[in-house]
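S.K.: The sequence shown begins at -10 in this note's numbering and counts up by one.
Honestly, the hints are just simulated from the structure, not real lab data.
Incorrect hints may have been included.
Derived CB-CB ranges, DEER-like [as the list claims (entries may be wrong)]:
no., residue 1, residue 2, range
1, GLU119, ARG38, 40 to 48 Å
2, LEU240, TRP42, 23 to 31 Å
3, PRO252, ASP40, 14 to 22 Å
4, ALA260, ARG225, 44 to 52 Å
5, ALA239, ASP(-9), 39 to 47 Å
6, ASP226, LEU45, 23 to 31 Å
7, GLN120, ARG84, 34 to 42 Å
8, GLU119, ALA239, 21 to 29 Å
9, LEU72, ARG269, 26 to 34 Å
10, PRO(-6), ARG225, 19 to 27 Å
11, ALA239, GLU33, 39 to 47 Å
Ideal Cβ positions, reconstructed from N, Cα and C, are used throughout, including at glycine.
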Amino acid sequence: MDVEPFGPGSMHWETAGEYRNLLVAGSALVLQTMHPAVGAAVAEHSTYRDDPWGRLTRTLTSVQKWVYDGTGGLEEGHRLRDLHRPISGVDEQGRSYHALNGEAWAWVHLSLFERFIALNRCFGTPYTSEQERVLYEESRQLGRILRVPDREVPPDLPAFWRYFDDMVADRLEPHQTALDVLGVLRGTPTPPGLPRPLRRLWAPVGAGAGEFNYFVAVGTLPPAVREKLGLRWTARDERRLRHLGRAVAALTPRLPERLRYLPIAYHARRAARKTARGLRGPQRSLRSA
């Protein structure tokens, strides 16, 4: 399958590598693990409980490669398929699952598009209808990089929103894994590389960070998902989230690029600009001659 890798000028190039995406990382995993096959596979085969920091780092590295590593993104898509190929089993209700089940594999990918929309709605400037359409077309391109079966991907944006609403209403469930993910977010264990003298100080920091992570994850979930999971969310909570969102939206564009983008994204963007300047240089020399 021939797939064009992402590059400068695409919406994913501008947004997928921002640190801001961490604000919806937890809710993305909650949404994904509410699919019964994904929830069962993660419960049996993931390290999110024992090594949450390591899992987060590996996930962020993989996501950045999809967008910022050129043809390496295509290789990463192949690697992920191979990694998940042996993951299968039977869940607690006796249902067989496989990590590469077409519907489940597509849901993991397509739920990320909805999280990009939620991110900008809550912590940035909401996308216009045209921007959403373009971003969804790019998401279909990303689906091909990740080798998501075409039959599982809605053909256009209106079809995607119908698909998403149907998945929330009819396929997602209050899976124990999703609830466990929320519990891990609230716990925020000590980072593995933290120096020993600082580990004793982590408890109050971790507690505060955990409450923040839980609050943002719950607040950015669609209301129908919160209801299905039995999560409490008040009008006061919504006001607090909006205040936070306005602060993030105001601060993000003012950050230097090194502080706005994750390392792989930052270096890829910098290298692309350097290459573009190098290509323009000889043209200027020829014109001046």
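S.K.: Compare the structure with each hint and give your call.
M.R.: Hint-by-hint comparison with the structure:
At roughly 42 Å, the beta-carbon separation of GLU119 and ARG38 lies within the given 40 to 48 Å, and the hint holds. The beta-carbon spacing between LEU240 and TRP42, approximately 25 Å, falls within the hinted interval of 23 to 31 Å. For PRO252 and ASP40, the hinted distance range of 14 to 22 Å is satisfied, since their beta carbons lie about 20 Å from each other. About 46 Å separates the C-beta atoms of ALA260 and ARG225, a value consistent with the hinted range of 44 to 52 Å.
Checking the proposed 39 to 47 Å range against ALA239 and ASP(-9) shows it holds: the Cβ atoms sit about 42 Å from each other. For the hinted restraint 23 to 31 Å between ASP226 and LEU45, the CB-CB distance of approximately 25 Å keeps it satisfied. In this structure the supplied range 34 to 42 Å holds for GLN120 paired with ARG84, their Cβ-Cβ distance being about 39 Å. A beta carbon spacing of about 24 Å between GLU119 and ALA239 agrees with the range 21 to 29 Å that was offered as a hint.
Separated by about 40 Å at the C-beta atoms, LEU72 and ARG269 break the suggested range of 26 to 34 Å. With their beta carbons about 45 Å apart, PRO(-6) and ARG225 fall outside the hinted range of 19 to 27 Å. Checking the proposed 39 to 47 Å range against ALA239 and GLU33 shows it holds: the Cβ atoms sit about 43 Å from each other.
Going through the hint list in order, the structure does not satisfy hints 9, 10.
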